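Asks: Starting from the given sequences, assemble the full structure and let the hints guide the process.
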Amino acid sequence: MKRLIILFFIGMLFATGVFAQRGRQAASQIKMIARPDSTGRTIRLRWAATNVALWKLTNQYGFILERYTVLRNKQMLDKPERKVLSAGPIHSKPLNAWEELAKKNQFAAVMAQALYGSDFQVAGNDSKGVGRIISQSQEAEQRFSFSLFAADMSFEAALLAGWGWVDNEVNPNEKYLYRLTTAVPVNLTKPDTAGVYIGAENYESLPQVQEVNAQFGNRTVMLAWDYNRVKAYYTSYYVEKSEDDGRTFRRLSDVPVSNLNEKDKHASGKMYFTDTLHENGVSCQYRVRGISPFGESGPPSEVIKGKGVNLLPFVPGIQSAYADDKGMLQMQWFFEEKANALIKGFQLNKADNEAGPYKIWLDNIDASKRTLEIKKAVGEPGYFTLTAVAKEGESRTSYPVLVQPIDSIAPAVPTGLKAIIDSNGVVTLTWNKNSERDLMGYKIYRAMKKNEEAVPLIDSVWRGNKFRDKLSLKLLNKKVYYAVSALDKRFNQSAPTELVELKKPDIIPPSAAVINKYKVAGNKVTLNWINSGDEDIAAHILYRKATGDSSYSIVQQFTGKSYNTYTDTIQGAAGSYNYYIAVKSESGLTTASEPLGVTVAAGATGALQLTRLYAYAQPEKRRIEVVWDDELKQVVNYQVFKSSGNSPITLYKTVPAGQKGLYDTDIQVNTTYQYAVMAVLASGAFSETKKVTVNY
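Per the working numbering, the sequence shown starts with residue 1, numbered consecutively.
Incorrect hints may appear among the rest.
Taking lysine-lysine and the DSS-like style, the derived pairs with C-alpha atoms no more than 25 Å apart in a straight line are [claimed, not checked]:
no. : residue 1 : residue 2
1   : 83        : 231
2   : 478       : 504
3   : 561       : 450
4   : 93        : 83
5   : 503       : 584
6   : 642       : 653
7   : 376       : 359
8   : 660       : 633
9   : 621       : 653
10  : 93        : 104
11  : 489       : 359
12  : 305       : 241
13  : 79        : 175
14  : 584       : 449
15  : 474       : 418
16  : 524       : 470
17  : 584       : 545
18  : 418       : 478
19  : 359       : 391
20  : 418       : 466
21  : 418       : 391
22  : 503       : 478
23  : 305       : 418
24  : 545       : 504
25  : 691       : 642
None of these hints come from the bench; they were simulated from the model.
Bear in mind that the values here come from a model prediction, so they are computed numbers and not experimental data.
Replies: Quick look at the structure:
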């Protein structure tokens, strides 16, 4: 319970401070840090305002620092012991108190100028109006920024400015909550609090600066180290140098080195320092120390050694380089003769690409040489550089030149060509990549028919071994063909691969068959047709339906284009029948021909006929009487046909089923007439046609 009370107290204490802003969701306006020393008797504190306005107000009104003893001998107190560490608000010391420190510490002088100086140099346009307002605003920002920077560089100056405190009344067995508030009246700014919970037991040694390295050049050295790892401990650094093999080190500057680009998100995380050397060849040692915001000096980094080097002042230049007709390299270059004594010799380097990496192709070339006739085949094309190897210091290398041996050998024909097509007509071609080092790419070819010449799909060279093509599925060709050839950097081209055949997805129905001739003989119907002209035909299927039937039925199926005629035997009643031929493609699409209607007479099936038919001339009544009879059932009507003399017989009248006779008055004297009668049944069948002739 006691522990919960103390934790609640600490939480309330921080409720308006830097560590507990959840209620307001606003950034704290003051920040504070603390660090105990190794004695266990002292804790140093540092704080600062985070904006210009509060900085100006706290410079006027100051801060109030309280200490709450929370733990003693690792036991929480029933009630934290409160102590105000200063008799009144903590202010900046008067200007005369700065004089002694400012004489020996330039950061104290900068801070005093920022706090008390009548002028802090900032550019402005005029002395009145908007220009003056902008100038004053910029000056305030400059004073604020420089004073905070100076406080980070000098803890003593921060104490004089009222931005730090040294608590010397610390017990090693206690832990404290330090609470900082501003003494600014609440009508001028919102109250704010910063706090630190710390004890002497929280002391830890300052770390070494890590990853220090050096690059030595001509009488110069550039040091670099990683500040990201130690930026929580140090705000600045001293670089120390030894020229007596590490026996003594001295600081290279009275002013520590600081990182001014920490807020730059593109910063490398490295700090750099450049030193000028008196002469080359003399060994020097360097190390780096970090300086904490409390003025403590950290341990030195690992020592790094080196010495300045003389740079070779001349660079070789390749004047000509080529491969002769035997493939041997011939080269000539320029290099200052007086620099021969500065180099060990030359190295010839080669790479596949201009950017490298380059490998030594020929070493230990005499320093006096300027031409080479190398009895070593160049092989494949490549880039060459020439390096003058310095006796000391850095060597110098020429610009690269391209050497291409004579090459008339084409690459190998690509292998493993495969083609896949999807339902949208997208073709994916893949093949094995050629192994030639001088390969430039491939040519892709396509033919829409097997026997036509394949044409390139692209004007340029294709670099990969995978290619996509888009086909129109509306074109009538059912197949497409592809090939690939390889091309090297000398434009030698291989023969194309064998054509790869690819069948397109079928979305177009096949062309229809055409019934071009038929014959009815008795109850046999012989049909002749022209097959579909498409290549991918799976079958031709003959369908038949009698008049009155609801659907067609299959008569016969013919594989591919194997037949173009068929005789169908009618089993059943005479009547009218319809035929059509369906063409089915290999992908299952079908197309039907135009239907054909045929009539099978009654006699053909041995069933339907009239029993009698008579025609009587009746001159006195100027007419001919035609009568007939039958024993047929479900007769719908009778069709009466007529002809006169040598004219063809045509349909004359249709007579209802119960009538069975008619009078023909459309006649002429001395004329021979022929009549024919056929019964039409409800099933759609016809009786045999019965004929009779009469003279009038």
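Asks: All hints, please: hold or fail.
Replies: Taking the hints in turn, this is what the structure says about them:
1. Restraint check: the Cα-Cα separation between residue 83 and residue 231 comes to about 32 Å, which exceeds 25 Å; the hinted pair is violated.
2. Note on residue 478 and residue 504: the hinted pairing holds, with a Cα-Cα distance of about 6 Å set against a maximum of 25 Å.
3. Distance check on the hinted pair: residue 561 and residue 450 sit about 21 Å apart at the alpha-carbon level, within 25 Å; holds.
4. Under the criterion of a C-alpha separation no larger than 25 Å, the hint pairing residue 93 with residue 83 is consistent with the structure, at around 22 Å.
5. A threshold of 25 Å between alpha carbons decides the hint, and for residue 503 with residue 584 the separation of about 17 Å falls inside it, so the pair holds.
6. Proximity of residue 642 to residue 653 is assessed by CA-CA distance (about 9 Å); at most 25 Å being required, the pair is judged to hold.
7. Taken as a hint, the residue 376 and residue 359 pair is honoured in the structure, with Cα atoms around 16 Å apart against an allowance of 25 Å.
8. With a CA separation close to 14 Å, the supplied pair residue 660 and residue 633 stays within the 25 Å bound.
9. A hinted pair counts as satisfied when its Cα atoms are at most 25 Å apart, and residue 621 with residue 653 qualifies at roughly 21 Å.
10. Under the criterion of a C-alpha separation no larger than 25 Å, the hint pairing residue 93 with residue 104 is consistent with the structure, at around 17 Å.
11. Under the criterion of a C-alpha separation no larger than 25 Å, the hint pairing residue 489 with residue 359 is consistent with the structure, at around 22 Å.
12. Proposed proximity of residue 305 and residue 241 is supported: the alpha carbons are some 10 Å apart, at most 25 Å.
13. Between the alpha carbons of residue 79 and residue 175 the distance comes to roughly 13 Å, so the proposed pair stays at or under 25 Å and holds.
14. Straight-line distance between C-alpha atoms of residue 584 and residue 449 comes to about 22 Å, which keeps the hinted pair within the 25 Å bound.
15. With a CA separation close to 23 Å, the supplied pair residue 474 and residue 418 stays within the 25 Å bound.
16. Between residue 524 and residue 470 the CA atoms are separated by roughly 52 Å; this puts the pair beyond 25 Å, and the hint is violated.
17. With a CA separation close to 19 Å, the supplied pair residue 584 and residue 545 stays within the 25 Å bound.
18. Distance check on the hinted pair: residue 418 and residue 478 sit about 18 Å apart at the alpha-carbon level, within 25 Å; holds.
19. For the hint linking residue 359 to residue 391, the alpha-carbon distance of about 20 Å falls within 25 Å, and the restraint holds.
20. About 10 Å separates the Cα atoms of residue 418 and residue 466, which keeps this hinted pair within 25 Å; it holds.
21. Only pairs whose Cα atoms come within 25 Å are accepted, and residue 418 paired with residue 391 is rejected, the gap being roughly 58 Å.
22. Proposed proximity of residue 503 and residue 478 is supported: the alpha carbons are some 6 Å apart, at most 25 Å.
23. Restraint check: the Cα-Cα separation between residue 305 and residue 418 comes to about 62 Å, which exceeds 25 Å; the hinted pair is violated.
24. With a C-alpha separation of about 35 Å, the suggested pair residue 545 and residue 504 falls outside the 25 Å cut-off, and the hint is violated.
25. Between residue 691 and residue 642 the CA atoms are separated by roughly 10 Å; this keeps the pair inside 25 Å, and the hint holds.
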